[in-house]
Amino acid sequence: MTLSRRDLLGAAALVVLAGCGVEEAGEAPPPDAEVLDGLLQVELAAGAALIGVAGAELLARQDQAHARRLAEAAGAEPAPRSADATRDVAGALARKQDAVFAYVAALPKLADPDHRVLVMQVAASEAEQLVVLREALGERPVLDAFAGFAAGAP
Amino acid sequence: MSGIDAAVAERYATARTDSGMFKAGLWVEEVAALAYEAAADGALTGDDRAFAQRFAAQEREHAAVFETLLFSLTVPVREHAVPADLERLIPGLRRADRETALGRLGELEAAAIAGHQLMGRRLEVLDALRSVAAVMAGGAQHLVVIRAALGDEPLTKAFESGR
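Which chain is which? The protein sequence lines are A and B, in order.
FYI, our numbering numbers position 42 of the first sequence as 42, with every residue one higher than the one before it.
FYI, our numbering numbers position 86 of the second sequence as 1086, with every residue one higher than the one before it.
Calculated from the structure, these hints are not laboratory results.
The beta carbon of each residue, even a glycine, is placed where N, CA and C say it ideally should be.
Be a bit skeptical, because a hint or two may be false.
Unchecked claim - Per the computed footprint, the stretches of chain B lying under chain A, defined by three or more beta-carbons under 8 Å from a beta-carbon of chain A, are:
| hint | region |
| --- | --- |
| 1 | 1002–1014 |
| 2 | 1155–1161 |
To be verified - Residues from chain A that keep clear of chain B, each with C-beta distances beyond 12 Å, as calculated:
| hint | residue |
| --- | --- |
| 3 | Pro-31 |
| 4 | Asp-37 |
| 5 | Gln-41 |
| 6 | Ile-51 |
| 7 | Ala-71 |
| 8 | Glu-77 |
| 9 | Val-89 |
| 10 | Ala-105 |
| 11 | Gly-138 |
Stated by the list, open to error - The calculated label-pair distances, taken between Cβ atoms and stated as ranges, are:
| hint | chain 1 | residue 1 | chain 2 | residue 2 | range |
| --- | --- | --- | --- | --- | --- |
| 12 | A | Glu-57 | B | Gln-1053 | 27 to 35 Å |
| 13 | A | Glu-57 | B | Asp-1152 | 30 to 38 Å |
| 14 | A | Glu-139 | B | Glu-1124 | 36 to 44 Å |
| 15 | A | Ala-90 | B | Asp-1152 | 21 to 29 Å |
| 16 | B | Gly-1092 | A | Ala-45 | 46 to 54 Å |
| 17 | B | Ala-1057 | A | Glu-34 | 15 to 23 Å |
| 18 | B | Asp-1152 | A | Ala-65 | 14 to 22 Å |
| 19 | B | Asp-1047 | A | Pro-30 | 43 to 51 Å |
| 20 | A | Ala-33 | B | Asp-1041 | 44 to 52 Å |
Generate the whole structure from the sequences, applying the supplied hints.
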């Protein structure tokens, strides 16, 4: 199987995008606990309960599990999740997309391989949840080959 | 289970260097592209065929990421997956019925995700993990579409490990 020039150019863009890390800038990476605590805040912001979406309770339970594990790994107390539920599925989708970007961006900053695997598993879960939310909005469930990265990573 | 997971896991597990893991990733994504093409030419019809064709193209994009990562290490790419590799990994996919075909595609996606996470544990060039994770996240989304097509629940997992 050979790849087209278009495939390779797209991949090169993704790899270049991925290569702008803290280590490349010559700065010492922050400790894992600091990175994980930052991700916990992202998770808490992205995990608001949804009203009117099939399977929303499962997604909320999964988000709570993400927060618990991230807090445990960071050695932090998990902040209580907001009790406010929302019907703003588009807003929830945008926050979850941002969470996927944040999880992926954080990976090279994590020194402990167990922490990297945990964050990859949560990132994969959040990417899966994006499909459910896109379906709920009547949108194409899979936006691109890279869970939104090709469409517009920050 | 069909042995797909074990075969893919062995390919990753025996890779001892970053370039070895990228080569494993390249091969698995290329086989996945061939698998979706075979399933689309076989039992899948309608919406199933449409997503299989789209995902085949996306798997080629995933493969291109690994090929680019290998180029970045100045490692030449001499081995590409061919239809015979698909036939060894998933015999008879083109002739399989719908449920079997979708099930095998799901097993392959899951095995690929597990391989990407092994890279998360073992890679030395950590910046490359962002590219690997973006590929993994795309594969996780494919898995949800396949689970939905099969009527499997739950569609999502709290900690997607591919296991």
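Tested hints:
no. : hint                               : result
1   : 1002–1014                          : violated (count 0)
2   : 1155–1161                          : holds (count 7)
3   : Pro-31                             : 15 Å, holds
4   : Asp-37                             : 19 Å, holds
5   : Gln-41                             : 19 Å, holds
6   : Ile-51                             : 18 Å, holds
7   : Ala-71                             : 14 Å, holds
8   : Glu-77                             : 20 Å, holds
9   : Val-89                             : 15 Å, holds
10  : Ala-105                            : 7 Å, violated
11  : Gly-138                            : 15 Å, holds
12  : Glu-57/A / Gln-1053/B: 27 to 35 Å  : 34 Å, holds
13  : Glu-57/A / Asp-1152/B: 30 to 38 Å  : 18 Å, violated
14  : Glu-139/A / Glu-1124/B: 36 to 44 Å : 38 Å, holds
15  : Ala-90/A / Asp-1152/B: 21 to 29 Å  : 27 Å, holds
16  : Gly-1092/B / Ala-45/A: 46 to 54 Å  : 47 Å, holds
17  : Ala-1057/B / Glu-34/A: 15 to 23 Å  : 39 Å, violated
18  : Asp-1152/B / Ala-65/A: 14 to 22 Å  : 20 Å, holds
19  : Asp-1047/B / Pro-30/A: 43 to 51 Å  : 45 Å, holds
20  : Ala-33/A / Asp-1041/B: 44 to 52 Å  : 51 Å, holds
Of the numbered hints stated above, those contradicted by the structure are hints 1, 10, 13, 17, listed in ascending order.
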